[in-house]
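For reference, the chains in residue letters:
Number of protein chains: 2
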Amino acid sequence: MLPEPIKKFADVFSKLPSIGPRQATRLAFYISNLGKGKIKEISQAIAGLADLTPCSRCFRTHLGAHSTSSGQAGKLCSICSDPMRTKGLVAIVEKETDILSLEKTKKINGWYLLLGELHKTGELEPEQKLRLASLKSFLKKEKAEEIILAINPTVYGDLNASFLKKELEEYAKKITRLGRGIPTGGEIEFADEETLGSALDKRS
Amino acid sequence: MLPEPIKKFADVFSKLPSIGPRQATRLAFYISNLGKGKIKEISQAIAGLADLTPCSRCFRTHLGAHSTSSGQAGKLCSICSDPMRTKGLVAIVEKETDILSLEKTKKINGWYLLLGELHKTGELEPEQKLRLASLKSFLKKEKAEEIILAINPTVYGDLNASFLKKELEEYAKKITRLGRGIPTGGEIEFADEETLGSALDKRS
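Top to bottom, those sequences are chains A and B.
At position 53 of the first sequence the residue is numbered 53 (my numbering), and the sequence of numbers has no breaks.
At position 48 of the second sequence the residue is numbered 48 (my numbering), and the sequence of numbers has no breaks.
Heads up, a few of these hints could be off.
One copy or two, it doesn't matter: identical chains are merged, so the pair holds either way.
Calculated pairs, SDA-like style, for lysine to any residue (alpha carbon to alpha carbon, straight line, at most 25 Å) [what the hints assert, rightly or not]:
#1 36 to 24
#2 7 to 87
#3 174 to 163
#4 136 to 196
#5 141 to 195
No wet-lab data here; the hints were simulated from the structure.
Let's have the full structure, built from the sequences with the hints guiding it.
Here you go:
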C-alpha cells in the first residue's frame, strides 16, 4: 500500500534512535511533498556527515582534515590540537552533546575522552576498552593532574564511575566527579531526598 | 563549536515537523558514527523520495510512473486508477496517513481527496482551494453518491467540516462525517461527556 520510496525511508529512519515507525512514515510523506530541491538539500545534509571522523585522541566527531594551530593538517580535533589547553586535565564523558554542554561553561581548560554510552552493568564494550587504553597510554608519559568523571549522577552512573575510578587510579593525581546539589533556579521544596542530602553534604 | 556538517544537518532537520534542535543534533552525531556505507544508504533513502509525485486526481503521493490497470503509464495513483472502485464515493482527508488508516478498514470502495491539514480558522489555503476546485470539476459531470468528510472530530474539525459541507452541497447526494462514540475497547467510565453524549445520540 505504501509507495516503495516511502517504505524504504520509513524502514531506514525508524531504526534511528528516538524515531518511531509512525513518525518515520509521517516524515517521509512530509519530505516527499517539499519538492525536488529541498529533498536534495536534505539528502546532501546527510551525505555531508560522511566527511566526519573521530579525533584520534578524544574520539569526538570532527572534520577529518581540520588544521592544527600550526597550519598543518592533523588528525586531532580543534580541542585536542589547541596549544592553550592543558593536557593535565581530562574529562571523561559519555556523549558528544555532553562535551558541548561542558564547553559552554568555559570551565574546562583541558581535553575530553568520549567513551560512548555506558552499560548499566558497568561492563565496557570492546571499543570503550580501546578508548580507555588509548587514554592510559597517553597519560603513561605524564600523570594527569585531574580526571573528571563527567558521568550522569544516577545509580548506574555511580556504578560505572566507581569502576572507572579503579581503572584510572594510577594515571591521575586526582579523580573527581561533578558536584551534586539543587540545580540553579530549583526549589528546595521540590528537590528529592537524595539531591537535598547531597546539597547538605556539599554546603559551602 | 559544532562541526560544520553536524550544524548543517541539525539546521535542516530541526525544520522538519516533530524534530527539535536537540534531537536533530543527537541524530547528526549518531548518524555520523554509523560509517560511510550506512550514511550513504540513509542519504539515498531521502533522495528516493524525489521520485514521488502527487496523483493528479486525489493528490496523494505516489510513484509518478505508476502503471494503470490497462498497462499504460498514467498520472493517476493506484487507487484512482483502480476500475473496481466507484467514482461515486469520495472521502476527503487531511493527511496521507489518514488514507492509510481508512484503507486498512477495507470499507471505502471509492476514492479520496487529500486536502492537507486544515487551518483552525476554517480558511483554506490557495493550494487547498485548487484541490477543492479540482474535485468540483470532476463531480460536475456526475454528482457523487456520497462525500465523506473524514476530518478529525474536534472543535476545529467541526468548523472546517461545516464550511466544506456548504461548499460541496450541490456536488453530492449525501455528505457525511465519521460516527462518534466510545472507541472499541474503551470504557464508559473514562469517556468524556461529549463522547458519551455522542454515543447516546448514535445508539443503535
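Cross-check of the supplied hints:
1. 36 to 24: both (19 Å within a copy, 22 Å between copies)
2. 7 to 87: For residue 7 and residue 87, the Cα distance exceeds 25 Å both inside one copy (49 Å) and across copies (28 Å).
3. 174 to 163: within (15 Å within a copy, 71 Å between copies)
4. 136 to 196: neither (36 Å within a copy, 67 Å between copies)
5. 141 to 195: neither (39 Å within a copy, 73 Å between copies)
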